[in-house]
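A.B. asks: One-letter residues, chain by chain:
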Amino acid sequence: MPTRLTEFLESEPVAAYVLLLPTIVGLAFFTLGPVLAALAISFMRWDLTSPPEWVGLGNYHAMLSLDPLSRISFVNTLYYVVVTVPVGIVLSLLLAVAMNQKIRGIVLYRTAYFLPVISSTVAVSLLWEWLYHPEYGLLNYLLGLFTLPPSKWLSDPSTAMPAIMIVSIWRGLGFNMVILLAGLQGVPQELYDAASIDGAGVRSRFLHVTLPMLSPIIFFVTVLSVISSFQVFDQTYVMTKGGPLNATTTVVFYIFRQAFEWFHMGYASALSYVLFAIILAFTLLQFRIQRSWVYYE
Amino acid sequence: MGVLRMSSLPGTVTTTARRRTRHPARLPAVGKRLAAHLVLLTGSITMVLPFAWMVSTALKGDQALMTYPPQWIPNPIAWHTFIEVFQVQPFSRYLGNSFFYALLATLGQLATCSMAGYAFARLRFPGRGTLFIMLLASLMIPYQVTMIPVFVIMKYLGWVDTFKPLVVPNWVGGAFGTFLLRQFFLSIPSELMDAAKIDGSDYYMILARIYLPLAGPALATLGVFTFMWAWNDLLGPLIYLNSPWNYTVSIGLAFFQSRRYTIWGQMMAAALISLVPIIVLFLLAQKYFVQGIATTGLRR
Amino acid sequence: MAKTWTRRALLRFAGVAGGAAVLAACGATPTPQAPSGQTPSVVATASPTQEPAPASQQAVSLTFGAWGDNVQTDILNSIVSAYEASHPNVTISKQFAPWDGYWQKLQAQIASNTAPDMMMMSVAYIGDFVAKGVVLNLDPFAEAKLDLSRYIPVDVSTWRFEPKAKVGGKGSLYALPYDASINSTLFYNKSLFDKAGIAYPSDSWTWEKDVLEAAKALTDTTAGQWGMIAPYTADGTWTSMVWEYGGETIDPTYSKGTLSEPSALAALKVVYDYIYKHSVSAPPNPSEMVNPFTTGKVAMFFSNCDCLIGTFKDIKGFEWDIARWPKGPKGRTVELEPDGYSLSSSTKHPEQAFDLLKFTVYDDDGVLRQSKYGTFPARKDVGQSEEYLKSPGFPAGKKLQLMDVAEDARSNYFGRGWMEWVQKSDQALQQAWLGKKSVEEAAKDADDAITKVLQGLGESLF
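Residue numbers (our numbering), protein chains in the order written: chain A, 1 to 297; chain B, 1 to 300; chain C, 1 to 462.
Here chain A stands alone, though its shape is the one from the complex:
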C-alpha cells in the first residue's frame, strides 16, 4: 500500500535526487571546497607557509602581460589538443570497429592494443626514448632505409612536441578503443542486417548505422579527450621535462613547476583557473552543437 513517503520518494525529481545523493555529497565535500579554495588562492600570493597576501587580479595580470612563458605554455597546449584529439578519435574509432569482429583471437588483439594504456609510464617513455634516439634509435634507422633524412625528435624544439603527440596518440588508442567498443555493443544487429538487405556496403553501413547509433559514445569520447588533453602532464614531465627550450612546456606542467618547485601557489592557481575557463568554454560549445550530430533514442 503506497504511503505518502513512498509516493514522495518515487516521484521523478525526488527519485533523481535520492539517486544523486552520493554524487552531491562528493561534489560538496571533495570538489566544491577545494575548487573554491583554489580560486581564492589565485587572488593571493602564497608560498605554502607564509600567510597569504591578497593581490587581487595581480596574478592574472602577470600571466597575461608579464610572463611570456605562460603564453608559450597555453600555445603549446592548444597545439597539442588540436592535433591529438581529432587524430586520436578517428583512429580509435576505426580501431574499435575493427576490434568488433567476431573472429578468433580478437580478444588477443584487443588486449594487445590495451597494453600501452596499463603499462607503466616509465616503460613507455623508455621505449619511445629509444625509438626517438637521434643516433641509435629505430625510427631514424627506418627513415634511413627509405633514404629520408633523420630527425632530431625529442632533442629539437621544433620536433619535440610532435614527437610527444605521437606517443600520446599511440597510447590513447587502446583507451578510447575500449570505450567505443563498449558502445558498439549497443548497436542492434537488426539494423546492420536490414541495411545489408538493402544492399548497403561496409562503408555505408558504417556511416549510416554505426556512426549515428554510436554518436552518444563518440560525443563522450570527444568531450573527455578535449578535457584531458588540455591537461597533459605525464608525458611532458617524464620524457622531456618541458624542454627543449620550453617546446613541450604545457600549462599543467607549468602549473606543477610554479606550485611545487618555485612555490608560487597563487600564480599556479590563477593559471589553472584560466585553463579551467578555456576547457569549460570548449565543453559547453560541444554540448551546444551536439544537437546537430548526436543521435539519442
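Simulated from the structure, these hints should not be mistaken for laboratory data. Using N, Cα and C, we set each Cβ at its ideal position, and we do this for glycine too. One thing to keep in mind: the hints can contain errors.
[Stated by the list, open to error] Calculated lysine-lysine pairs in the DSS-like style (CA-CA distance at most 27 Å, straight line): (1) Lys437/C to Lys241/A; (2) Lys390/C to Lys372/C; (3) Lys313/C to Lys297/C; (4) Lys269/C to Lys152/A; (5) Lys241/A to Lys436/C; (6) Lys209/C to Lys152/A; (7) Lys330/C to Lys195/C; (8) Lys102/A to Lys32/B; (9) Lys277/C to Lys152/A.
[Stated by the list, open to error] Going by beta-carbon spacing under 10 Å, a handful of chain A positions derived as facing chain C: (10) Arg45; (11) Leu48; (12) Val55; (13) Gly58; (14) Asn59; (15) His61; (16) Leu66; (17) Asp67; (18) Pro134; (19) Glu135; (20) Tyr136; (21) Pro157; (22) Gly242; (23) Asn246; (24) Ala270.
[Stated by the list, open to error] Estimated spans, in silico, between C-beta atoms of each pair: (25) Phe29/A to Gly456/C: 32 to 40 Å; (26) Ser93/C to Leu36/A: 27 to 35 Å; (27) Gly435/C to Ala281/A: 14 to 22 Å; (28) Lys399/C to Ile77/B: 36 to 44 Å; (29) Lys390/C to Asn75/B: 32 to 40 Å; (30) Val202/A to Trp245/B: 52 to 60 Å; (31) Ile133/B to Gly456/C: 50 to 58 Å; (32) Gly129/B to Ala277/A: 15 to 23 Å.
Add chains B and C to chain A, keeping to what the hints say.
C.D. replies: Chains B and C in isolation, oriented as in the chain A frame:
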C-alpha cells in the same frame, strides 16, 4: 543503394531501397581484408613493444643496463629477479593493499555512477543541467592545485594514514563514470522506460531491472578503468599513507628508483607482476562485451 | 506482478551498500603488524658508545620522514630500530617515501601543519624552507652537544643561514649533513683509451689542453664514437668550470647573475667549443633517461659521483675508471652537494628529535650504517677510516673523493629560489648548447633570469 531511415521504433527499420547492388568482385575484397589484417597486426606489434621491453629488462636482472642499440634477448636469463622483488620489499603485502583499495574503489564507482548516470539520462528534475556541468567541471581543474586543499580536509577528518582518502571519494560519484553511463543509457530506447512505467514500475526498479542489465559493456569498461586508475595511482597513496604496511604497489614500484638511478631489472619485474591483475580483469570484462538485447523488450 | 525486489528493498539495499562500504573502509584499515622494535617495552641494552638516554622517561612519539630506495630505507629502518632499542620510551613512526613524490608529500604536510619531526632535507629547498620558518634552528642544540669540526666544512656551512639571507654559508644552522655528494667527477672509458693508445687522465689534466686533445683523438664519428659528453648538463658541471676560470654564477651580494663576465664566459665558451668548434662532444640530448656513457661509445663523461654506486656499477661491456676533475687556469674546484636532515620548527619534542638527529648523522653507529649505502660520508674521520675505505664499493673512487673534499670544494649557492633560478638559467644556456644562440647571448639571458629571480625573492608573483 538503399537509404535507411530510422523510424521512431527501433528494431524496425524502414527503407526506401529499390535497387540491389552487385556483389563486388571477390579478389579485391580478399586483398582489402588482408591489408586490414596486416595493418592491425603491425599496430598490435608496436603496442606490445613496451611490454616486451619490460619482460626483456626484467629477465636481464643485474645486467639490466640500457644500452643502445638495445639487447632484446637477455643472456643469461635471470628468472630470479621476480623472486628478488618479493625479497627486497614486502611486495605481496603491497599487492594485497592495492587490491583491497582498487576493488573498493571500483565497486563504489560502479554503484554511484550508475545511479547518477541514470538520473541524468532519464529523469527530469530541476537543476539537472547545472548539476551535470558542475560534475564535469570537477574534471577541469588540474589536481596539482586542489591536492593541498583536499589534503587539509582529509587531515581535519583524521583520515591521514588510512585508506579512507583513497576509497571514500570513489563512493561519492565520479564525473567520468557518470558521464559514460549517462551516454550509454541515453542510447537505450526510452520506450522501454515508458512501457515499464505503464506496467507500474517505479524509477528505482527501472534502473535495477531494465537499465542495469543492459549496461554490461559500459559497466565492464568503467570497472576496468576505475580499477586500473586506483591500482596505478601513486600520488594519492603517497601523500596519504605513512605507515609502510599500508603501502600500495605503485609506491613499491617507485621505491626501485632512487634519486640518481634506477634498478631496472627489479623494477620491470615488479611492474610486470603488477600488470597481471589488470590484464586478468580486462579479459574477464570481455565477457560483457556482447551485444545488448536492447530491442527484445519491445517484441510484442 | 510478483515483486521480488520491492522498492523499499532496493532503496534499503542502496543505502546499506553505501553505508556498509564506508564502514568497511573505516574499519578495514589493515591491522598493524608492528615491525620488531616498535614496542616501547623492549629492554634497553645500551652499547658502550651510546650516550645515556635523556633524563625524562615519559613516552615520546616522533615522526621521521625520509626518501630513499629499498637499500636506503633498509638502512634507515635499522637506525630506527637501534634507536628505539636504546631509548625504550621513544616510539618512532616512519614515513619513508620514494624520491618521486617525496617533496609533494612534504609540502602537503607542511601546508597542513603535519610535517614530520625529523625530515630528510635537500639543499635545493633548504633556503626556501628556512625563509618560511619551517625548519628548526639547531644552534641551541648543536653548540652545546656537537663538535662540528668532525664534518667536512662545506657540508656544514651550506646549511647555515643568517636572518633574511638569500644564500647560505654563514649564520645559524638548520640541518645536519649525512653525506657529501660530489657533482664534479670525470668518468672515462678505459677500453677506448687503451684502443687509441692514449694515457689515462691524470691529476694535472686541464680542460683546454689535455681533455681536448684526448677528446679529439677519441672521436670517430663514422663509428658513432664520441670523445665526451660536454659538461652542459643541469647538474651544474659547468658551475665548477666557471669557478676554475675565476668566474662566478652570482655576484657577491647575491643579487644578479654574472655569467656574462669574461672569466665565467670563458669557461662556458670551452663547453660550447667542445660541441660546435671541435665537435668532440655528442650533441646534447635533453631527454636522456638513460646514461649515454653506458653505451660504451663515449670516452669521457662528467657527472655526479653517485653514478658509481648505481648506474655504472653493472657495466660489463668495457673497463672504466674515474679521475680527478680537470683543472682550469685558476686551479681545481669541485662542486659538493650534501644531503641532510632537518627538524620541523613545529615539533613538540625538540630535545628528543635532536637526540634522534644526532644518533642518525653524528654518532658513529648511525654514520657508519648510512655509509653502507655508498655515498661519501659527511664526517671526515669516517670517510678516512679503514672501515669505510675497505667496505664494498669502489675503493679508487672513495680515495679520489677523499682528495676532492680535502681540497677546494664549494657548493652551488644554495639558498632561496634555488630551483627557480637554476632551472631558468639552465634553459637559457640550453639555447647555446642546442646551437640556437651564441654563448654570449645565452649567458646574458641566463644572467637576466637569475637577476630577476634573486631580486624578486618573496616579492615576485611568479
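A.B. asks: If a hint holds in the structure, say so; if it doesn't, say that too.
C.D. replies: Here is how each hint holds up against the structure:
1. Simply put, Lys437/C and Lys241/A have alpha-carbon atoms about 21 Å apart, close enough for the 27 Å limit, and the pair holds.
2. Pair hint Lys390/C plus Lys372/C holds up; C-alpha atoms about 11 Å apart against a cutoff of 27 Å.
3. Our distance criterion of 27 Å between C-alpha atoms is met by Lys313/C and Lys297/C, whose separation comes to about 17 Å.
4. The hinted pair formed by Lys269/C and Lys152/A meets the criterion: a straight-line CA distance of about 24 Å does not exceed 27 Å.
5. Simply put, Lys241/A and Lys436/C have alpha-carbon atoms about 19 Å apart, close enough for the 27 Å limit, and the pair holds.
6. Using a Cα cut-off of 27 Å, the hinted pair Lys209/C and Lys152/A is violated, with the two alpha carbons roughly 31 Å apart.
7. Restraint check for Lys330/C and Lys195/C: the C-alpha separation of about 33 Å exceeds 27 Å, so the hint is violated.
8. A threshold of 27 Å between alpha carbons decides the hint, and for Lys102/A with Lys32/B the separation of about 18 Å falls inside it, so the pair holds.
9. Note on Lys277/C and Lys152/A: the hinted pairing holds, with a Cα-Cα distance of about 20 Å set against a maximum of 27 Å.
10. Because the closest C-beta pair between Arg45/A and chain C is about 6 Å apart, less than 10 Å, the hint holds.
11. Among the interface hints, the one on Leu48/A holds; its C-beta lies about 5 Å from the nearest C-beta in chain C, closer than the 10 Å criterion.
12. The restraint placing Val55/A at the interface with chain C holds, with a minimum CB-CB distance near 7 Å, inside the 10 Å limit.
13. Taking 10 Å as the C-beta cut-off, the interface hint given for Gly58/A holds, the closest approach to chain C being about 6 Å.
14. A hinted interface residue such as Asn59/A counts as satisfied when its beta carbon comes closer than 10 Å to some beta carbon of chain C; here the least separation is about 6 Å, so the hint holds.
15. Residue-level restraint check for His61/A holds (minimum Cβ-Cβ distance to chain C is 9 Å; threshold 10 Å).
16. The restraint placing Leu66/A at the interface with chain C holds, with a minimum CB-CB distance near 8 Å, inside the 10 Å limit.
17. For the restraint placing Asp67/A at the interface with chain C, the shortest Cβ-Cβ distance is roughly 5 Å, inside the 10 Å limit, so the hint holds.
18. Interface hint status for Pro134/A: upheld, as the beta-carbon distance to the closest one in chain C is roughly 7 Å, under 10 Å.
19. Checking Glu135/A against chain C: minimum C-beta separation of about 6 Å stays under 10 Å; hint holds.
20. Taking 10 Å as the C-beta cut-off, the interface hint given for Tyr136/A holds, the closest approach to chain C being about 7 Å.
21. Restraint check, Pro157/A versus chain C: the minimum CB separation of about 7 Å is within 10 Å; hint holds.
22. Using the Cβ-Cβ criterion of 10 Å, the hint placing Gly242/A at the interface with chain C is satisfied: the shortest such distance is roughly 9 Å.
23. Residue-level restraint check for Asn246/A holds (minimum Cβ-Cβ distance to chain C is 7 Å; threshold 10 Å).
24. At about 9 Å, the closest approach between the beta carbon of Ala270/A and any beta carbon in chain C falls short of 10 Å, and the interface hint on this residue holds.
25. Checked against the given bound of 32 to 40 Å, the beta carbons of Phe29/A and Gly456/C, roughly 37 Å apart, stay inside it.
26. The given range of 27 to 35 Å is respected by Ser93/C and Leu36/A, whose C-beta atoms sit roughly 33 Å from each other.
27. In this structure the supplied range 14 to 22 Å is violated for Gly435/C paired with Ala281/A, their Cβ-Cβ distance being about 40 Å.
28. For Lys399/C and Ile77/B, the hinted distance range of 36 to 44 Å is satisfied, since their beta carbons lie about 37 Å from each other.
29. For Lys390/C and Asn75/B, the Cβ-Cβ distance of about 33 Å falls inside the hinted range of 32 to 40 Å, so the restraint holds.
30. In this structure the hint that Val202/A and Trp245/B lie 52 to 60 Å apart at CB holds, the actual value being about 56 Å.
31. Against the hinted window of 50 to 58 Å, the Cβ-Cβ separation of Ile133/B and Gly456/C comes to about 39 Å, which falls outside the hint.
32. For Gly129/B and Ala277/A, the Cβ-Cβ distance of about 19 Å falls inside the hinted range of 15 to 23 Å, so the restraint holds.
In the structure shown, a violation is registered for the earlier hints numbered 6, 7, 27 and 31, in ascending order.
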